[in-house]
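Participant: Sequential numbering of the sequence shown, starting at 1, is according to the UniProt record's numbering.
Treat the hints as calculated values from the structure; they're not laboratory data. It is possible that some hints are incorrect.
[Said to hold, decoys possible] Simulated restraints on C-beta separations: (1) 26 - 6: 16 to 22 Å; (2) 23 - 54: 31 to 37 Å; (3) 9 - 53: 35 to 41 Å; (4) 37 - 8: 38 to 44 Å.
[Unchecked claim] Straight line, CA to CA, 25 Å or less: simulated DMTMM-like cross-link-like pairs of lysine to aspartate or glutamate: (5) 45 - 27; (6) 49 - 36; (7) 49 - 27; (8) 49 - 38; (9) 23 - 6; (10) 23 - 36; (11) 23 - 47.
Even for Gly, the Cβ is constructed at its ideal location relative to N, Cα and C.
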Amino acid sequence: MIVMFDRSQTGTINFQEFGSLWKYITDWQGTFRSYDRDNSGSIDKNELKTALTSFEHPGWLNPKQEVVKYQEMFATTDHQFYIV
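Let the sequences and hints guide you as you build the complete structure.
Facilitator: Quick look at the structure:
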């Protein structure tokens, strides 16, 4: 994650870059909590479906279709596919 926020490409992040990283993390935490409707600390398949549907935007890749494509590419009869 440091690479994502290391604007100066030094391999480190300064205080301002750290603030951007922290905001990114807390934004994702908020997003997770907003879809964890039952406050279980986990996203079940219905909550995930709601989240993926809400991420759809005209002209963007369809997240649900991308998950299915990934699942079809890597799934075998011996393994199940999980998003963690």
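Participant: It remains to establish, for every hint, whether it holds in the given structure.
Facilitator: Hint by hint, here is what the structure shows:
1. 26 - 6: 16 to 22 Å: Given about 19 Å between the Cβ atoms, the range holds.
2. 23 - 54: 31 to 37 Å: violated, 21 Å
3. 9 - 53: 35 to 41 Å: holds, 37 Å
4. 37 - 8: 38 to 44 Å: holds, 41 Å
5. 45 - 27: At roughly 22 Å apart (the allowed maximum being 25 Å), residue 27 and residue 45 satisfy the hint.
6. 49 - 36: holds, 11 Å
7. 49 - 27: Roughly 20 Å separates the two Cα atoms, so the pair holds.
8. 49 - 38: holds, 14 Å
9. 23 - 6: holds, 14 Å
10. 23 - 36: holds, 20 Å
11. 23 - 47: Holds: residue 23 and residue 47 sit about 24 Å apart, inside 25 Å.
The structure is inconsistent with hint 2 alone, although it conforms to all the rest.
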